[in-house]
Every structure is written in structure tokens, then in C-alpha cells.
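Chemist: Residue-level listing of the chains:
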Amino acid sequence: MEPIQLGNGDAEFIRKVEVESRQDMKKCYQCGNCAAGCPMSFTYDYTASQLIRLIQLGQRQRVLSSRAVWMCATCETCSTRCPNEIDVARVLDVCRHMARREGYAGERNVRLFADAFLQSVRMNGRAHELGLMAVFKLRTLKFFADLSLAPAMLLKGKLPFLPHRIKARNEVADIFRRFKEGRAEDAAGGKP
Amino acid sequence: MTTGKTFAYYPGCSGSGTSVEYDKSSRAVCEALGIRLVDLPDWNCCGSTPAHQVDHVLSAALSARNLAQAETLGLCETLTPCPSCLKNLHNAVEHLREPGFGARVNALVERPLTREHSVKSVLQIIYEDVTPEKVAEKVTRTLNGLKLVPYYGCLMNRPGRSMHFDDEENPQALDKLMRALGAEVLPFPLKQECCGGAMGVPDNRITSRLSGRLLEYAVSLGADAFVVACPLCQMNLDMRQAQAGDYYGRGFNLPVFYYTQLMGIALGLDKTRLGLDKLIVKPAAALAKIGRKAKEEAPAASGAGRTAEAEVEA
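Heads up: the sequence lines are chains A and B, in that order. Quick note: the first sequence uses our numbering, first residue 739, plus one each step. Quick note: the second sequence uses our numbering, first residue 662, plus one each step.
In short, the hints are calculated from the structure, not lab data. Warning: the hint list may mix true and false statements.
These stretches of chain B come out as covered by chain A in the derived footprint (C-beta under 8 Å, 3 or more residues) [claimed, not checked]: (1) 762 to 769; (2) 816 to 825; (3) 861 to 874.
In this text, a Cβ means the ideal position worked out from N, Cα and C, and glycines have one as well.
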């Protein structure tokens, strides 16, 4: 990692992460337990403990543009093993939220899968695997990935062709619409 | 034992698709154990991993609509078989207690919640309320001879300070329930190591690498099958088993049962309610092991007896 000039940290970033995740970053003394147990570390640029340190130092740009915040699988090993009970997985989730809001490109396939999944929920009220996979493949052009899995799943009736639409799907669509309009933040007097 | 107790039931989306056999067998087992499930009317997807990765308020709002549906039934205890649904519904309840969070969620939903809710896994109710001892009393066909590797996945009991179920580092619920059915449960150090979760679609090399490690270890222990409690883990280990085999340059052939399917067999439930034909890796060879050990060991045991007698005579 390149050297970081102490004292140049973004204090507002530290505060936002702490408020949104409800975790106290000062509690971390860099024991490294979170990083040691992380099953996704092999895909990360910074380890979980390095990310926490970067947050402590207010390194907004480094944290929000990191691959790690997108690759976390939220398995909760880190949160379970932190001796200071920091919910590390929640902190990484919050960093991913910020990265999304602030328009960081992130890991394309991970982002597009989440988008395709939620689009399916918004439209049907429930997730429709076949439909969301089609959307994901069209957007990523990964037409052949996992194609070999389809015949067996179709044969076993595990990939219904049609979505299970709920009656009140308007209520679910409304949740997404109000979220997009920023109603949640208006209700709380702005993002913390 | 909670005979006759009624819970709201949240099947989750995979229950009518990729894990149809889990939903089916969970219902059958609950019925046999006297756990009454009433489906949440017109439930919606909890948003799974994608929702909480986009925003915690959005995720909680999707879950809150479901809990509001439970209130229309007059119920505030909800059960779900799926750990990912469990986590979202449970976290929604927990986060709603935090100052300011409820107002944000209420701004998104049609009907704010009016009651305090609890959300648990079906496994937790079977383990804690019914108990393995009571399950053992109901076994009509012991699973003797079947060697199982219990795999819990990440979400059901971690972190312990939030989930309040079983041990957060060495859970025992599946171990003890399967032993109650007569199966042999092998000690499995990777019982909570991540299978790759929702990474299968974005990049299946990740699920292959992580699930393949679990499969390799299970095979090295001489297991006949995995027993799991999570639709996503099951899919990564079963549907993606061939991908994991390719990744490690070897073949795997290890069936991956839902614990409810094995409970159903041991409780003598109608096979058509267990969906064994839905598993991708065929379970026939593993199922054929049931009862074999008892038959094989019987003569061996009498032989050992004779030897002991011979020794006494000598």
C-alpha cells in the first residue's frame, strides 16, 4: 500500500460511516482477526482490517473505490470474531451503499446481478430466477456462463418459466419508488 | 414440545423454484412434529443479498411489508426455512429498534408495523422447542449406516450476539438432530466456512473454489452425503458440484440433502412430500447405505462375542 499522509483524512467520511453503520471505528485496534477469517480475502485489494484502518484515517477515495467493498459476501465471519464486537460486515455494506450513491463503478458483475435481482422483485413482488438471469446475461453479455446448469434445473422444475407475481406488487413497486425519491431520508431530515 | 403452536410461515422465493424440495419437506416435517404453519398472505421477496447490499432501509422495508402481512393473521412469530430470508427479516426487526431507523422504513411502506416481531428459522424451532430427544422418539426408520457431514453455512447463527441460536463457531443443531435420527455425523471443521454465497452468478470461479474445498474435505472424511439447511449453500454444493469438480480437476459425486428430507425419511413420511427426485446429484447410493451398517455389524458383533467367549474358555 502507498504511504498515507496522516492528518489529511476526511472527517466527514468517518462520521458518515459510523452513523450509517452504527459502529464505532475507534474500537478497532487492528488485531487482524476479521481479515484472518475472511473467506473472500483472496479476491480483495485491501483486507477487511486494512479497510477499517483506511476508514479510521478518513481515506474516502481509497475505501469507496476498493474492490473489497463489492466482493464481501456478508458471511459475517468478521463480525462474529471481532473482539470489540464491531459489525465489520455492516461497515462494508455501508461503504458499498456509499460507493453506489456516489457513482463509483465498482465490480460490474456484482453490481449488475444485484440490479437485475432487484428489478425482478420490483416488477413481480418476488424474485424470478430465469427472468433475472436473462436480464443479467443481456447486460453482461455472459451468455455461456452457467448455461450447462440450465437443462437439469429445467427438467427438475426448479426454474419456472413464468414469474410468481404477487397480487399487491404495486405495494412493492411503491417501496422502490419511494426509496428512489429519497422519501426515507426526507422522513429523517436528510441522510445522516 | 410445541405441539399445536401456530407460526406465520415465510417460504421465500427459492421455495417455489430452486429449493422446492426444501419448502415441501419443511412443511411435511413441521406437520409431523405438530408445528402449525400459516403462510403469509401475498408475501413479497425479502430482497435477499442484493437488497441489503444496496441499502439497509430498502432491505428492511421489503421485510417490514412481510411482517405487516403476519399482523393481518394476528401473528408476530414468523418462521422461515431459508437463512438468507431469516437474516433479512431478523435484521429488519433488530434495526427497527434503532433510533431514526423506523421513521425511514415507515416512509417507504404502506402499513407500518404495530407489534414487536420475532423471526426464527424452522431449524431453531425444531431444535429448541421440539428438541432432538423428542424427534428421536418419533423415528420409525433409523438412518443407521448413513455417514453425514453437517454444513450450516454462514448466516443462521452468526453473529451470536444478534442471532441468539446455537453456538456461533461450532453449531450443534444439525449434528444432534441427525444423530437423533440414527445417522453417523462426522466432525466437520468447515461446517460454517462460506460456500461462496450469492457470488455464483457474478463469478462462479469463486463458488467453485469455496464450495469445492468443502466437497474435498467431506470426501476425505468418507462422508456419504452433506446435510444442509440453506437453499443457497445447497445450490452451490449440489447444482454447482460439477463446476467445483472442474475447478479442482476432479469429479465429485456427493449428494446434498436438506435436513428436512432426512428427517422426513426417518419419521416415515410419504416420500412424495420430500422431493428427493429434485436433487441434482442422485441420492440413491447414499440412501442405500441406510440400514446396511446394522446388517453388516450384526454378524461381526456376534463374531466378536464368540472370540471373547473363546478367550474366556482359553
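Chemist: Hint by hint, say whether it matches the structure.
Modeler: Hint check results:
By the rule of at least three residues with a Cβ nearer than 8 Å to a Cβ of chain A, the coverage given for the stretch 762 to 769 of chain B holds, with 6 such residues. Counting residues of the stretch 816 to 825 of chain B whose CB lies closer than 8 Å to any CB of chain A gives 5, which reaches the minimum of 3, so the coverage claim holds. Counting residues of the stretch 861 to 874 of chain B whose C-beta lies closer than 8 Å to any C-beta of chain A gives 8; at least three are required, and the coverage claim holds.
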